[in-house]
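First to last, the sequence lines map onto chains V, R and B.
Heads up, the final residue of the first sequence is numbered 113 in this note's numbering, and it's a clean run with no missing numbers.
Heads up, the final residue of the second sequence is numbered 1113 in this note's numbering, and it's a clean run with no missing numbers.
Heads up, the final residue of the third sequence is numbered 2113 in this note's numbering, and it's a clean run with no missing numbers.
Keep in mind that the hints were calculated from the coordinates and are not lab data.
Some hints could be false.
[Stated by the list, open to error] Here are the simulated DSSO-like pairs of lysine-lysine, each with C-alpha atoms no more than 30 Å apart in a straight line:
| no. | chain 1 | residue 1 | chain 2 | residue 2 |
| --- | --- | --- | --- | --- |
| 1 | R | 1049 | V | 49 |
| 2 | R | 1021 | V | 21 |
| 3 | V | 21 | B | 2049 |
| 4 | R | 1021 | B | 2021 |
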Amino acid sequence: MSRDDDIVMVISNAPDLLLAKRIAHVLVEDGLAACVNLGAPVLSIYSWKGEIEGADEIPMWIKTTAGRQQALIDALSRLHPYDVPEIIVVPVIGGSPAYLGWVREQAGGQQPQ
Amino acid sequence: MSRDDDIVMVISNAPDLLLAKRIAHVLVEDGLAACVNLGAPVLSIYSWKGEIEGADEIPMWIKTTAGRQQALIDALSRLHPYDVPEIIVVPVIGGSPAYLGWVREQAGGQQPQ
Amino acid sequence: MSRDDDIVMVISNAPDLLLAKRIAHVLVEDGLAACVNLGAPVLSIYSWKGEIEGADEIPMWIKTTAGRQQALIDALSRLHPYDVPEIIVVPVIGGSPAYLGWVREQAGGQQPQ
Chain V
1 MSRDDDIVMV ISNAPDLLLA KRIAHVLVED GLAACVNLGA PVLSIYSWKG EIEGADEIPM
61 WIKTTAGRQQ ALIDALSRLH PYDVPEIIVV PVIGGSPAYL GWVREQAGGQ QPQ
Chain R
1001 MSRDDDIVMV ISNAPDLLLA KRIAHVLVED GLAACVNLGA PVLSIYSWKG EIEGADEIPM
1061 WIKTTAGRQQ ALIDALSRLH PYDVPEIIVV PVIGGSPAYL GWVREQAGGQ QPQ
Chain B
2001 MSRDDDIVMV ISNAPDLLLA KRIAHVLVED GLAACVNLGA PVLSIYSWKG EIEGADEIPM
2061 WIKTTAGRQQ ALIDALSRLH PYDVPEIIVV PVIGGSPAYL GWVREQAGGQ QPQ
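This is chain V alone, in the form it adopts within the complex (with noise of 0.2 Å):
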């Protein structure tokens, strides 16, 4: 359905900031993503176990193409400490065409793993 020139925005969360800027980094030199943004620090709360639990998180905004998409989730899944670390897919529907333009540059085309 989505085709591999799609515009994806990937919303996760690192441990701290010093990950999320190695994961950044990472994903923006191999070309999975064109742009990575980390936020200031945002409090967790979900219930892990029955109990409810709170964690401090660098939440990371990643824009990349429908064509790296898996890539990206995957090679975040690695870089991540955690097993089962926040990893969603939103859509972009539009935008400035430049921009949307520069994003498929930088992380264009469906590699191979």
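Assemble the complex: chain V is given as a structure, and chains R and B must be docked to it using the hints.
The following block gives chains R and B in isolation, referenced to the frame of chain V:
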């Protein structure tokens, strides 16, 4: 159109961190959300009765299923002190299968209110 | 495909808070957006001419209608100092009816430029 086990991200804002935490706890405890991220304060700028207003708010990014979406919106509206709180829903079209499965476990099914 | 009264979230980044506030005021005053959230600074990591770069930016989450989306992107591109600012559009598929109605009131219709 959407299926009950589709994942969605619900975005809202709370007037302060204390209330944001209380809302997050209730939503997770009641199985209406799998995970709530409370972000650093944002400055919201909008027009109200013809004047430009600004307000500091705590952003909330809430991960749940489409099946729980309506019950979550209802609960959030009840817990929120504003007459017209921001509550918007953004689709999730992919992600890590383990994480998406975890959201479905935590906040799956369609509950009667 | 999208109807003029569909709600969308436009995501962008400004180089500093002062400019972010100015952009937000113009967008809301001109009826191009119902509400703009200015977030805590993010660190944007990207590749530029083969080098990995980092820049501190202020994220902007802008709520408007599909009917105003193009005029908003045009205004944002004019107000923004970068040649290729990030401007992406994410669909909104639900929410609180009162809030969605308020967005349509504030930023409804399709304006000629």
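The hints, checked one at a time:
1. 1049/R with 49/V: Violated, at about 47 Å.
2. 1021/R with 21/V: 27 Å, holds
3. 21/V with 2049/B: 20 Å, holds
4. 1021/R with 2021/B: Within the cut-off at roughly 27 Å; holds.
Against the hints set out earlier in the document, a violation occurs for number 1 only.
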